[in-house]
Structures are given as C-alpha cells and as structure tokens.
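A.B. asks: Listed below are the residues making up each chain.
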Amino acid sequence: MTNLIRSNFQDHPFHLVSPSPWPLFTSISLLNLATSAALSMHNFNNGYILTILSLILVISSMSFWFRDVISEGTFLGNHTLAVQKGLNIGIILFIVSEALFFLAIFWAFFHSAMAPSVELGGQWPPLGIEPVNPFELPLLNTVILLSSGATITYGHHSLIHGDRKGALYGTIATVLLAIIFTVFQGIEYNVSSFTISDGAFGTCFFFGTGFHGFHVIIGTIFLSVALWRVFDYHLTDNHHVGLEGGILYWHFVDVVWLFLYIAVYYWGS
Amino acid sequence: MFPQRQLLRAAPRFSAQLRAQAQRRLASTETENSFVRERRHVKEHAKATAELWRKISLYAVPPAMILAGINAYNLWNEHWEHWSHLPPLEERVEYPYQNIRTRNFPWGDGDKTLFWNEKVNYHNKDKAT
Amino acid sequence: MFLQRSAVALARRAAVAPALRRTLATTAVRRNQVPERKFKSLSEVKTDEDLIGPGAQPGTVPTDLEQATGLERLEILGKTEGVDVFDMRPLDASRKGTLDNPIPVRGVGQEQYAGCTGYPADSHIVVWLRMTRDDPIERCPECGSVYKYNYVGPEDDGHHHHHHVEPEYPEPKTWADYLKPEYKWA
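Chains as they are written, first to last, in numbering that gives the first Met the number 0: chain A, 0 to 268; chain B, 0 to 128; chain C, 0 to 185.
Read the hints as simulated data drawn from the structure, not as lab findings. For glycine and all other residues, C-beta sits at the position ideal for the given N, C-alpha and C. Hints may contain errors.
Partner residues are not named here, just some residues of chain A that face chain C (Cβ under 10 Å, in silico) [unchecked claim]:
#	residue
1	Q9
2	V16
3	P18
4	S19
5	H78
6	K84
7	N87
8	I159
9	D162
10	A166
11	I216
12	D236
Excised from the complex, chain A in its bound form (with noise of 0.2 Å):
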C-alpha cells in the first residue's frame, strides 16, 4: 500500500461519531422520568402513567442508540481497536460507579444494623420480624449465581476458540440461569412476611436486594443481546466487546450477591 492509497482512509484510529438525536432523546426521557417518578411519588394524579410512558421513552433511546453503535461497530468497521479500548474502559468505569452505589447501600444497612436504634428494640432483627432463612432459597440462588458464572465463562472461551455451539451453549445456559435467580427471587418476596415498610430491617433488606434484583435483569439483557449477536454472526473470535462487557457486568451483580448474603442474609438474620 502507498502512501497515496493510504491517504484514501482515515489518518487515526479514532472513531469521530456522527451526528446522531439519541444522546439528547436519552436526556429528554431521562429528565421525563426522573419528574414523572417523583410526581408518582406523591401520589399526583395519574403520575404513574406518565412514569410508565417515560420508561418506554428510555428503554426505546437506549434501544436505537444501542442499535446505531452495534451498526458502527459490526458492519461499518468504526471499532479499531483502541475504539474497543476506549468502550472497554467506558464499562470498566460504568462498573465502578456502581460498585460505589452498591457501596451506599451496604453503608446504609450496616449503618442500622450494626447499632439498632432503641425504637427497634435495639437487636438486629427487630423483634417481631421473622428474616428469611438464608440456607433455603439464597442459598440455592447463590449455587445459581455461582454456576452462571462458570457457565458464562464456557461460553465466553468456547467464542475465543472459535467453537460456534459451545459459545452458543454456554450463553444460553447463563441466560436461563439468570431468569431462574429472578424467578427464585420474586417467589422469596413474596413468601416473605415483612415488607419494605417494615422499618430499617424491612427497608434495607429491600433496598439491598431489590436494587441487585434490578441489575440482575439488566445483566441479563446484556447477555441476552450478546447472546443474539454470537447467534447472528456479529461477534469474531477477537472482537467482540458487547460479550465481554455483559460478562464482566455479570461477574459485577455476582460478587454484589456475594457481599449482600454474607452480610444482609446471613450476618443479618
């Protein structure tokens, strides 16, 4: 190739986005749904339908963006490999943010646990709650998380040695894995008999667990995309960023489980 040639294509290895509407539409669903929640929140009339349509506004912005960038960087070729780096270092970072949220969280349980008011009866649990049993179905989900990561890993190296089933295999497996855990977590609430009004026990173990609920089925979508892209030949035995993201998400809400057992189910019953 000469330096004529050359001079056919971009100088640099970065990827300059084009113009795109996503990014302001994002902020404007945001912003729609940060209002509508808190006007639902004290029961302003008909709020909920407002916080409704705003989550549809999101998910959809998140959607088409999300679709541009597997266009940019599946089939136009914009993701050199320091646009991989740089994509990478955006989750690492996405990660750690919450990793610090997760960390408020844990601060606000070990805040009222470890010293029980004197409201509460000053013990942890209060008297009259009943916790639930961390060796029945946490239990059973922590072998469920635990095994998800095993299974992810499968997949994730059977991709890298180029083995199309087993990539497929593995990923389908955590997926499945991942609706099992949400499905065992929604019968544990509602099998239990206190509730988020319960007082600082009731609201820090819903709190807690709720919030990794929550990230649960975002990881869970993360790989289900992933999962979509091995299917349709999007992802390369080297490149394929959106997998390892999704993995190193779920690996995040895995140790999260982790910390919340040992410390909410356990130390905290």
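Got chain A; can you put chains B and C on it based on the hints?
C.D. replies: Chains B and C alone, transformed into the frame defined by chain A:
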C-alpha cells in the same frame, strides 16, 4: 495514475515498514509477527480453558444445583410446617416500626406494598403497642 | 454508502440458517474440501470497497480477517502483515529541530498541526504549530525547535489541473517581510 515520482515520495518510515515486510516474506513464510502469534496463542489457550469450564458446567453445576435444590425444598417445607403452628396473623404483636405508612401507596387500595401476600402479610391498623 | 450496503448484505448472507446443513455425518469431510475463501491483502486494498471480508462459514465463529470491515479491517490487515497503518508514534524527539535539519512531520492534508513539547520531550507545555503545504516550516516560539511539513498525499486533486488554494485572508506581514525573509523563523 501512480507516477514514479509519487512512489518515490513515500515517507521513509512508512515505506521502510513495507520494505521490511517484503523482506520478511521472502526470508521465511513461517515467521509470524507478534500480533498474529499473540492471537494464535490466545486461541490455543482458550481450547483448554473452554474444555475445563465445559466440564465444570456439565459435571459440577447440575449436582450442586440439585443438592442446593433438595436442601431448599426441605427447608421450604419445614418453614411452612413451622408457620402452620404459629398463631394467626391477626393475633401477632405488631410493633410501631412495622407497617409504617406516611401516605398511601399509589397503587391498589393504597395500603398494600408491592409483593403483598395475604397469607403472610397483615397490617393491624389499630395496633396496641 | 456502498460499504454500508455491502456490509449489511454480507451479514445477512452469513446469518442465514446455517445449522441444518452441518448435521450430516459427512460434514467434516465436506468442510475440508471447501477452498479457503480469498480476501484482499493490505497491498490489494485501494478504496473503502476493498475493505470487506468473505464472511464466516455457516456454523463457525467468524474471525476478524473473515468479517471485520472498514477501518477496523484496514487495521487488522495491517497488523497481520506487520504494518502499523495508523502510526500513532510521537514525533521524533531525539534532537531539537533546526532550520538546516528540521523535524519532519508526515501528513496528507493541505495543512497539518504538530504539538511541540521541546527537547527533551515534555520539557515545556504543548505548543501547537500549524504548517501548510505552501508554508511548510514552523518554529516553536517556546523552545525554537523547527518542524517541516512532509506532504505525502496525492500530488493533485485528480482533475489534472494544478490549482492553488487561495487563503481566505492574506498572511499578516511581519518584520521579516521588510528585512530578510529568513528572519521569519528567527
């Protein structure tokens, strides 16, 4: 299209790379550069690790899940057996920190939390304590 | 535009229900007979349209060489053949550029910016210097290092007539214009 002069103008660094490539090709077809070698190593390494994790997924995961499932099933039954011997929900003491309501929930009759289950949850509205 | 269309078409072709064909016992034999599909090497790439691979065989995981497109493909092709197509290395900072022996700055545009951090590197904050094809020499006002634009792009714009781009406004005159031209970089 490509005059001789144009080709000669190639910058030293870039053309040196191209030249080096040509020489390497002539010297040996087996020599691969570090990029190709690294990718090949990653791919070969993944074969063993994928096999290891396949075995774990197939032979360690199902037994662990069955054991944890049996355990959870037994404890679940024990729990409901124990529950059936407890006094009915209406007669249990409800402490001031339980069922805190500052305003109505925006759904249902405004008194029930999400995941409210009539069988295990009860709100005593005129609690004594 | 063309690249976009063909890339989508390629992905479609690759995605058509592949698994069925591979359930036969003769699959392994048949697969070995399939000739290796050709793709253009770096030296054969001329335009965007050459930067497209053959796509993966049904039932396999695609490799970057089979499937990468666009700039990513250019980079992968280069790396595979040992050519650093982006050349992100910093400018030569092993010496201070002089008028007799300036530091060359490679580029393909009408103008090129270079950031000087002095000699040795990082001895002062970045000073951005602008060089053009018509006025290729620039001197860092901080440390005095001289840079020269080394244009390696196309000789003309492809229309076989030389055309000189007139600046939007004339360069302001300096004292060099009244005394000696070489004082411009003094």
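A.B. asks: Confirm or reject each hint.
C.D. replies: Each hint, compared with the structure:
no.: 1; hint: Q9; result: 6 Å, holds
no.: 2; hint: V16; result: 13 Å, violated
no.: 3; hint: P18; result: 16 Å, violated
no.: 4; hint: S19; result: 16 Å, violated
no.: 5; hint: H78; result: 6 Å, holds
no.: 6; hint: K84; result: 12 Å, violated
no.: 7; hint: N87; result: 15 Å, violated
no.: 8; hint: I159; result: 9 Å, holds
no.: 9; hint: D162; result: 7 Å, holds
no.: 10; hint: A166; result: 6 Å, holds
no.: 11; hint: I216; result: 27 Å, violated
no.: 12; hint: D236; result: 5 Å, holds
In this structure, the earlier hints numbered 2, 3, 4, 6, 7, 11 are contradicted, and the remaining ones agree with it.
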